[in-house]
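Residue numbers (the working numbering), protein chains in the order written: chain A, 329 to 496; chain B, 55 to 507.
Hints listed in this document are in silico derivations from the structure and should not be mistaken for laboratory results. Quick reminder that beta carbons are idealized off the backbone N, C-alpha and C, glycines included. Treat the hints with caution; some may be incorrect.
Which residues of chain A face chain B? A partial, calculated answer using Cβ under 10 angstroms [to be verified]:
1. 383
2. 452
3. 468
Okay, the calculated bits of chain B under chain A, using three or more residues with CB under 8 angstroms as the criterion [said to hold, decoys possible]:
4. 65–76
5. 188–202
6. 231–245
7. 272–281
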Amino acid sequence: MALASVLGIFAHVDTTLQAIRELRAKGFADLTVYTPVPVEEIEEEIEHVRPLSKVRLFTVVGGVTGTATGFFLTIWSSLKWGLVTGGKDPVSIPPFVIIGFELTILFGGLATLLAVFLLGRLPRIRQSATYDPRFTLDRFGVAVACPPDRAQTVSALLSAAGAEEVRR
Amino acid sequence: MSVGLPDRPVTWADVNKDVERTVSMPGNLYFGWMCIVALTLFAGIVAWTYQIYTGMGAAGKRTPQMWAMYITTFVFWIGIGHAGTLISAVLYLFRAKWRTSIYRAAEAMTVFAVMTAGLFPLIHAGRMWFAYWLTPYPNQRYLWPNFKSPLVWDVFAISTYLTISVVFFIVGLIPDVAALRDRSTGVKKKIFAVIAMGWEGSDVQWKHYRRGYGLLAALATPLVLSVHSVVSFDFAMALVPGWHSTLFAPFFVDGAIFSGFAMVLILVLPMRYYFNWYPYITDKHLDAMAKLILVTSLVLTYFYTCEVFTAWYSGDHFERASVFAKATKQYAWAYWLMYFCNSVVPLVLFSKKARINTVVLYIVSILVLIGMWFERFNIIVPGLGHDFYPYTWGTYYPTITDSTIIVGSFAWFFILFLGFIRVMPSLSIVEVKEVLPHPLKHAVHGAHHGGGH
Numbered sequence: 329m330a331l332a333s334v335l336g337i338f339a340h341v342d343t344t345l346q347a348i349r350e351l352r353a354k355g356f357a358d359l360t361v362y363t364p365v366p367v368e369e370i371e372e373e374i375e376h377v378r379p380l381s382k383v384r385l386f387t388v389v390g391g392v393t394g395t396a397t398g399f400f401l402t403i404w405s406s407l408k409w410g411l412v413t414g415g416k417d418p419v420s421i422p423p424f425v426i427i428g429f430e431l432t433i434l435f436g437g438l439a440t441l442l443a444v445f446l447l448g449r450l451p452r453i454r455q456s457a458t459y460d461p462r463f464t465l466d467r468f469g470v471a472v473a474c475p476p477d478r479a480q481t482v483s484a485l486l487s488a489a490g491a492e493e494v495r496r
Numbered sequence: 055m056s057v058g059l060p061d062r063p064v065t066w067a068d069v070n071k072d073v074e075r076t077v078s079m080p081g082n083l084y085f086g087w088m089c090i091v092a093l094t095l096f097a098g099i100v101a102w103t104y105q106i107y108t109g110m111g112a113a114g115k116r117t118p119q120m121w122a123m124y125i126t127t128f129v130f131w132i133g134i135g136h137a138g139t140l141i142s143a144v145l146y147l148f149r150a151k152w153r154t155s156i157y158r159a160a161e162a163m164t165v166f167a168v169m170t171a172g173l174f175p176l177i178h179a180g181r182m183w184f185a186y187w188l189t190p191y192p193n194q195r196y197l198w199p200n201f202k203s204p205l206v207w208d209v210f211a212i213s214t215y216l217t218i219s220v221v222f223f224i225v226g227l228i229p230d231v232a233a234l235r236d237r238s239t240g241v242k243k244k245i246f247a248v249i250a251m252g253w254e255g256s257d258v259q260w261k262h263y264r265r266g267y268g269l270l271a272a273l274a275t276p277l278v279l280s281v282h283s284v285v286s287f288d289f290a291m292a293l294v295p296g297w298h299s300t301l302f303a304p305f306f307v308d309g310a311i312f313s314g315f316a317m318v319l320i321l322v323l324p325m326r327y328y329f330n331w332y333p334y335i336t337d338k339h340l341d342a343m344a345k346l347i348l349v350t351s352l353v354l355t356y357f358y359t360c361e362v363f364t365a366w367y368s369g370d371h372f373e374r375a376s377v378f379a380k381a382t383k384q385y386a387w388a389y390w391l392m393y394f395c396n397s398v399v400p401l402v403l404f405s406k407k408a409r410i411n412t413v414v415l416y417i418v419s420i421l422v423l424i425g426m427w428f429e430r431f432n433i434i435v436p437g438l439g440h441d442f443y444p445y446t447w448g449t450y451y452p453t454i455t456d457s458t459i460i461v462g463s464f465a466w467f468f469i470l471f472l473g474f475i476r477v478m479p480s481l482s483i484v485e486v487k488e489v490l491p492h493p494l495k496h497a498v499h500g501a502h503h504g505g506g507h
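Can you make the complete structure from the sequences, with help from the hints?
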């Protein structure tokens, strides 16, 4: 059965929070919350039931790859030409630490960027049906995906919580 | 133009409006400035073309000063970039709220300053079409860069710094461009829509965005400290008297932050005036930046003193002779100008009145930039001009070609920056809103100022 979506538009942080809590209490778990800025209270309310963001995993894998690449590149290429420069052994670790460090940051940063895009589903070609341009101004949105027969209940709930506007 | 604060608290919608104003069609004054900047840039391009055509002699390069004004200006511009990363990454991690209204402009400054700095090794190298030799790439002769050379470290440090600064900058721009997209029409909307990449501000997007932003800040923090340290190794690894010092890394980083904040003030003060951003960039912000300039100036003075002290205390004849020559011989004017601009002038900021007086701040900032340019000049030119043997001593004379290229580099920076502030949000909509009181229907006990910071 296809799900219906109901959108409530709110003007305040506290009313948005109340709506989220009440929806959760009634068993509606498939929520999308739109906010103009990240709001800590709302984030806590939604996130305490969800797993932590996986962005850090990307960062650490990127960073470690960078370190490994930096040391591999410097050591391997120095061995290709075993030339003594500056009176130092071809494989001298201290100067290679700099390359290893820079590539750690570079790969770690690029992997983080990739994670923000991949996990945040960016770029989006088509706008979500429940999006409203006011969500980048000063309005909050709570979109609920629910079975069509319960849409009426959700609408009533959103209005009761203080939604300025409810769309189905 | 109305100047001053509105008679009611700033709302979230005001922030959007105040930023949207800045991306509208600019007036004649703006185009007038752009023409001057573009002509200066053109002069710089002509001078570079002439240098490529005639050879490096046109730049006044002769022994002993084979590194002259180009490397001076390279270090200068890299230094300018540091304040932007400090504001966007380090102050973010410290949760300093005052950073929000200046960080976008500072970050743009970083990206453009590094783009300007990056030109100088190419200009300086002469045959810049072989610049790719510096990067490691597989080739049939199995030739690889010498990874023990500080100049190769520089290539890695600067290109990483540019890449990470651009990434940080773009990530920060996405939600703001989305806000502009939602309130514009026609072609403008389409362009913003492409740049915003369909950002909607949903909980899933914010969750990963916030985590990613924090991690980028954590990566950029050690990076910003490492970049100028690596640049300082270009000097410190050599045996030239006055260069061969373990002081150089912190000395360079501190000087970079010092000059960078001066540049932020030079850029932000006119923006505040012309865009009427008085509600966002307040006296508190100016005071905080002025204090940072003062602190970094005092630290710099300490390093200057250490430099002289170590030269004397080392008992090394060449170190002592180098400092003596800098302070008394043909470049003495540059040496004392540096002391005046970097150590004496910023002392005026001990006064609270001076810290919030825009005229004073502007003059101090310009003098700091001059002083910091001469600091690098004093390290490079007199340093190379007076090393171990009297028969290698010499004086460098600038030429019209290299001076024009350096003036042109400022035009290149300003054309990028002036262009940016009229097409992109140069005040962060999201971050400024975050520190404003969040809209609440039922007031809670105690003033509630948004979360996040």
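Hints and how they fare:
Hint status for residue 383 of chain A relative to chain B: holds, with the closest Cβ pair at about 4 angstroms, below 10 angstroms. The beta carbon of residue 452 of chain A is positioned within 10 angstroms of a beta carbon in chain B (closest approach about 3 angstroms), and the interface hint is therefore held. The interface hint given for residue 468 of chain A is met, as the beta carbon of that residue sits about 9 angstroms from the closest beta carbon of chain B, less than 10 angstroms. Coverage of the region 65–76 of chain B by chain A holds in this model, with 4 residues showing a Cβ closer than 8 angstroms to a Cβ of that chain against a need of three.
With a threshold of 8 angstroms between beta carbons, the proposed coverage of the region 188–202 of chain B by chain A holds, since 8 of its residues qualify and at least three are required. Closer than 8 angstroms: that is the beta-carbon criterion, and the region 231–245 of chain B has 5 residues meeting it against chain A, so the requirement of 3 holds. Counting residues of the region 272–281 of chain B whose beta carbon lies closer than 8 angstroms to any beta carbon of chain A gives 5, which reaches the threshold of three, so the coverage claim holds.
Of the numbered hints given earlier, the model fails none.
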